[in-house]
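Q: All chains, full assembly: derive it from the sequences and hints.
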Amino acid sequence: LFAIGADEIHSFFGSAKWKDRVKNALGTAIASDEAVTIISRSNAFMLIIKHNPESKCPATMNEMSAINDFISELPEKSDIQWSLIQDASLGERIEFILLCNIRK
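Residue numbers (my numbering): 212 to 315.
Derived by calculation from the structure, the hints in this document are not laboratory data.
By construction, the Cβ of each residue, glycine as well, lies at the ideal position given by its N, Cα and C atoms.
A portion of the hints provided could be inaccurate.
Below, computed lysine to any residue pairings styled on SDA-like, alpha-carbon distance capped at 20 Å [claimed, not checked]:
#	residue 1	residue 2
1	K288	I278
2	K230	K267
3	K261	S276
Between beta-carbon pairs, the in silico distance windows are [claimed, not checked]:
#	residue 1	residue 2	range
4	N273	R314	27 to 35 Å
5	G216	S276	26 to 34 Å
6	A214	Q297	18 to 26 Å
7	E287	E265	36 to 44 Å
8	S222	K315	13 to 21 Å
9	A299	S243	14 to 22 Å
10	E219	I296	34 to 42 Å
11	A246	K315	14 to 22 Å
12	K228	K288	21 to 29 Å
13	N273	F224	21 to 29 Å
14	D218	A299	34 to 42 Å
15	A246	D298	32 to 40 Å
A: What follows is the structure in structure tokens.
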């Protein structure tokens, strides 16, 4: 359903294991100039954060603030959906997936 009406669909993936995992996973996902250009042209976003609820260092609300910072920088009037997915296979790692749609 997310892709309905999209003229272009793009995806970005990042992963981090140590300090500031959400921020670093997000940073690695959108590290290229091409990613920044695509995001600035997009008007629909799906953000997926995967974490291990059984981790020795579970994801904290403090770490999740990086997502709010990122969302506040997205183009105005964007459709934004985000979810938190539990995946015990991740160990101490957090993964970030960003899907972008460009609708004309």
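Q: If a hint holds in the structure, say so; if it doesn't, say that too.
A: Now for the hints, and whether the structure bears them out:
| no. | hint | verdict |
| --- | --- | --- |
| 1 | K288 x I278 | holds (17 Å) |
| 2 | K230 x K267 | holds (13 Å) |
| 3 | K261 x S276 | holds (15 Å) |
| 4 | N273 x R314: 27 to 35 Å | holds (34 Å) |
| 5 | G216 x S276: 26 to 34 Å | holds (31 Å) |
| 6 | A214 x Q297: 18 to 26 Å | holds (24 Å) |
| 7 | E287 x E265: 36 to 44 Å | holds (39 Å) |
| 8 | S222 x K315: 13 to 21 Å | holds (19 Å) |
| 9 | A299 x S243: 14 to 22 Å | violated (31 Å) |
| 10 | E219 x I296: 34 to 42 Å | violated (25 Å) |
| 11 | A246 x K315: 14 to 22 Å | holds (20 Å) |
| 12 | K228 x K288: 21 to 29 Å | violated (35 Å) |
| 13 | N273 x F224: 21 to 29 Å | holds (23 Å) |
| 14 | D218 x A299: 34 to 42 Å | holds (37 Å) |
| 15 | A246 x D298: 32 to 40 Å | violated (23 Å) |
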